[in-house]
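Peer 1: Residues per chain are reported as follows:
Number of protein chains: 4
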Amino acid sequence: MIIIMKPGQEATIQEIEDRLSGKVSVFTHGNRVAIQGIDRDGLNQQELQAAERIIENHPTAVQGSREFHPEDTVIQTAHSLIGGDNFTMMAGPCSVESLAHVRKMAAVAKAGGATILRGGAFKPRTSPYSFQGLGEDGLKFLRQAADEFDMDVLTEVMDEDHVEMVGKYTDIFQIGARNMQNFSLLKAVGKTNTSVMLKRGMSATIDDILNAAEYIAASGNTQIMIAERGIRTFDNKYTRNTLDVGSVPVLQKLSHYPVIVDPSHAAGHTEFVTREALAGVAIGASGLVVEIHDDPAHAFSDGAQALKPDEYQAMADKAFAIRNLINPAVKVVDA
Amino acid sequence: MIIIMKPGQEATIQEIEDRLSGKVSVFTHGNRVAIQGIDRDGLNQQELQAAERIIENHPTAVQGSREFHPEDTVIQTAHSLIGGDNFTMMAGPCSVESLAHVRKMAAVAKAGGATILRGGAFKPRTSPYSFQGLGEDGLKFLRQAADEFDMDVLTEVMDEDHVEMVGKYTDIFQIGARNMQNFSLLKAVGKTNTSVMLKRGMSATIDDILNAAEYIAASGNTQIMIAERGIRTFDNKYTRNTLDVGSVPVLQKLSHYPVIVDPSHAAGHTEFVTREALAGVAIGASGLVVEIHDDPAHAFSDGAQALKPDEYQAMADKAFAIRNLINPAVKVVDA
Amino acid sequence: MIIIMKPGQEATIQEIEDRLSGKVSVFTHGNRVAIQGIDRDGLNQQELQAAERIIENHPTAVQGSREFHPEDTVIQTAHSLIGGDNFTMMAGPCSVESLAHVRKMAAVAKAGGATILRGGAFKPRTSPYSFQGLGEDGLKFLRQAADEFDMDVLTEVMDEDHVEMVGKYTDIFQIGARNMQNFSLLKAVGKTNTSVMLKRGMSATIDDILNAAEYIAASGNTQIMIAERGIRTFDNKYTRNTLDVGSVPVLQKLSHYPVIVDPSHAAGHTEFVTREALAGVAIGASGLVVEIHDDPAHAFSDGAQALKPDEYQAMADKAFAIRNLINPAVKVVDA
Amino acid sequence: MIIIMKPGQEATIQEIEDRLSGKVSVFTHGNRVAIQGIDRDGLNQQELQAAERIIENHPTAVQGSREFHPEDTVIQTAHSLIGGDNFTMMAGPCSVESLAHVRKMAAVAKAGGATILRGGAFKPRTSPYSFQGLGEDGLKFLRQAADEFDMDVLTEVMDEDHVEMVGKYTDIFQIGARNMQNFSLLKAVGKTNTSVMLKRGMSATIDDILNAAEYIAASGNTQIMIAERGIRTFDNKYTRNTLDVGSVPVLQKLSHYPVIVDPSHAAGHTEFVTREALAGVAIGASGLVVEIHDDPAHAFSDGAQALKPDEYQAMADKAFAIRNLINPAVKVVDA
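Chains as they are written, first to last, in my numbering: chain U, 11 to 345; chain H, 11 to 345; chain G, 11 to 345; chain W, 11 to 345.
None of these hints come from the bench; they were simulated from the model. Take the hints with a grain of salt, since some may be wrong.
[As the list claims (entries may be wrong)] Below are the DSS-like pairs computed for lysine-lysine, each with C-alpha atoms no more than 25 Å apart in a straight line:
(1) K247(G) <-> K197(H)
(2) K263(U) <-> K247(U)
(3) K263(U) <-> K247(H)
(4) K328(G) <-> K328(W)
(5) K201(G) <-> K178(G)
(6) K178(H) <-> K197(H)
(7) K247(G) <-> K263(W)
(8) K263(G) <-> K318(W)
(9) K201(W) <-> K178(W)
(10) K178(G) <-> K197(G)
(11) K178(G) <-> K150(G)
(12) K197(U) <-> K197(W)
(13) K263(G) <-> K247(W)
(14) K114(G) <-> K201(G)
(15) K263(H) <-> K247(U)
(16) K263(W) <-> K318(G)
(17) K263(W) <-> K328(G)
(18) K247(W) <-> K247(H)
(19) K328(H) <-> K263(U)
(20) K114(W) <-> K328(W)
(21) K263(H) <-> K318(H)
(22) K328(H) <-> K328(U)
(23) K247(U) <-> K247(G)
(24) K263(G) <-> K114(W)
(25) K178(G) <-> K33(G)
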């Protein structure tokens, strides 16, 4: 149940929280209160009178819903604003390979307009015999490169045991597609104050994504963005995944979280990355997260989908131009 | 086998055709000859010497391939150019409902920049008890409306028995998604001189589409465009289909046919149509085919996905603006 | 609306038919009347009183539904009973290759317990350059072989122009997966008295299949069986399609038509065909349709999925044994 | 590279291990040695002479492959043999609800022939607000019930932090579908001596499953079984997932691990569970894992898919009968 309170009912909201917290889940946002497992019969007379409207038929993922939180979430990090009418470029190598290399990539990323440097130190690889990442050393290199260029860090955390350690180096935790329903990990990052980019699982429905995000929110952290990175369909012969651009406006309608498009993992082949990136911008994504490499043939991982510096720069120029053209994006949310 | 001839070998090409036609399939395009079922051992000494290069490992759908036909196909109808660096808007009602109504819609379509008027007279409906279209009357209304506004007609033909009759009214045959592998129909439109828009089947792979197009080409008609209209995936709760924008550059790389995006059937809900349309433009489609209606709630079919006139106009303005920005689209074809 | 009449209301049923036929669709089955596009307000007082129960919320594909036709449809051909508690083996080569060959295959099929001989004379091939079948000659060979062994013929019809001709030779029309929503063809076979095997499209939902079958029934022919032959999913690397065995009891619950399993097209590789066949039997299919060949390496089409005679015999023995063990199959239909 | 040694080369195998261990991954099985990242050029003359055959083109998931380990893995727990020609029934409630209830269910499971008692104490639920399991108390109840009926315990472990604790109570770790690519968890159970049931992810390909299993094996634990529990497809309206029975023989061909079918999560509705279970047996699965409940309407989780005691007993009787009929299952592995 979501209760939309009449103006000036702060005291009542506090009373509801005091009365019910610890017994059931109670979340508040402005003049709205979401309560799990209780319906209007569980409210007393005074509380009922303080309510302007009660929404009983709301999504399970209530904190992520527009019914509970109508306005866009805008995430603020040291160097970036993500969501709302902002557009954020995030770029970097798939894997952190060395300090020198990640610095070089940071310079490229920054030149193209990126304010966030991505890079993997712990890599979720399909095979146990593939390169698994540089670990904490990689995080140090990534942090140092980002600091040098006044950028924020985005990097993946793969399990709850590493949340504390990775948290020392990153501004934004990335939860990878394969871990989208690793609920223990979601709860663990939910207990931190660090922003989270939740990547859509390969066959995660829209409802699955929003429920996964809700695990993070339910643990206390609502600084969440969602990344569409392509889904599995019946034909992934020519592209690695199928970019589901249509999910962007759907997610934006249902939820207030920023939605980012990752054209690199969707396309899987450099020649299609720019085109998919521009589609993501045109449909109204709040940003892009893109893999770059100066020598893709020798990249430690996923070289086949990396943009080279000049390709990245050209893509970024077009992306910002399209964004300017459509900003503000056509709203799909009812007024 | 595709033989790329040295310059000035027109006579040899003619000799090959004379020698092999009737025995095996022989197709020519400029200085290229495609022969089915024969490899280089089937060529005589003179023919071998006339060849600059022989490509033995080419796609099954050879006529549609870039190996056989490197440059873009540009389709010319009375009022439109489709393909190459052109961008073509196609719009109209899902079903032709009456002469008055289709005229009204033609005016709207034209105002938004459309040169092609779409409308269904024979409707492939999931249920036999749904409205099946006005039939030949619908075609007459559609033709009259298009002529009045100097537009071309695009309409669906559902079976080979109707090819001749529909052909009297239309400039472009539409083959619907459900008929994409109705090979008898493909062969029938392949024997005409009328252009064909082949819509991708709900679960057709890229190779399936190109092979279906090849049925048309093998029957003699190469004026083909392909329409991406969304595919079936594991999540079609919020959108009717999943717009596979990534298929656009893939098809453009593999084949020379124009690729059109249909955001109406992909999105299935008006609120998402404009956004998906813009994604289609940004990724480099050669055009859009969009459903419009002035009173969607009372449309004979698919009202839920129709743009109202003002929505269509706003979409079209943004679409042309994005197209101007990215034109020429980033090429995915190797030089 | 489905009206379940009280006993002895034959006259009222006749009156309803007389009053409404020609205006709307009216179908009768025993004491049940299905009317399209009219609800209970369209009935007069006497008709309402004759009704024991009125079902307004029924599937679109009303004639195929258990609500309209509770008992199993049993199809009777000269040599076979299909549906109900019967189990029917259908076997034969993918393509009819010659009279001698199809006779040889008929002998093998018969020895394994088949009463229906399958074989293709018109072949829907992905590529226009693949073998397209022997045409009418193939049908003659197939008919002759079947007659010699007292078997029925099952063969594909690909378009409405061939319905009459194919109908002269076959006992059961096969509608292929690619034509499942070729509505013109469905209507054409619906106007004949010949039984129809409707194969599920590659991405057809359960509702799609039942609506496709309804096109046949709405045209007057209710002698329909449905064949599950595998669907498209995200992983068809090791099998050609994904056998959706779970669709068998679902279809049997919702509809009264016999459901047949085709393990050959599902598995796509001989080594898995028998195993998938047995799964189909165990889940309660009314029969199997299986491709056999004595020399798969030289088959005109689909040799990779053909069972050799001894493999077929061993499979058939196990299939009948499992069927005996589970017959009658566990009912999923409410009493 | 897999080296198949000539007979009597134990000393050479030992030398290879001594020489390479610590530098690259070396695994041995009988007279076979698998080495990662080195090809035949990395062997010395004596080693090359000791080799009967060297397989360089093998699956990435080498330890799971038949090339490395030709014979079936048979897992032995206190009360069960799993794999090979054995057939193992596993049953129990979705969630452990209380000691009394799980004891009752254990009695039912045992009566139907189960030797393994399944039950969830840590539940991976789509929504954070759903029942998350009884935790360690649940494990205690489950262990006690299993011991009383001389059964083994199968229960899910959701994260690496719980591996040690859950390991104190269970005989077999279950890795849930959502965690199939939670590589940290796979490595953690791979370091134990406890058997593992790895459930297939919702959109995991066959290769994905085998690589996930390889993470466990690469960490030292090869007592692995794989469970097919249904995949996501375009139509999950009537069943919760699509049981991919065809994956059973494919997995058995490629790998030596036992393959178990879970018809409960596949079907999702009680009425279809028995039918899907029998399909799983007929196709040759090494066992079934089935959810049972005496009062499904009040189950803590997944009541809709639980078999009631009498339904379970009837299913189990048919399952064992079919298994007897087809045992040994038709082999898909080349001799």
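Peer 1: Output the indices of the hints that this structure fails to meet, ascending.
Peer 2: Going through the list in order, the structure violates hints 1, 2, 14, 21, 24 and 25 and respects the others.
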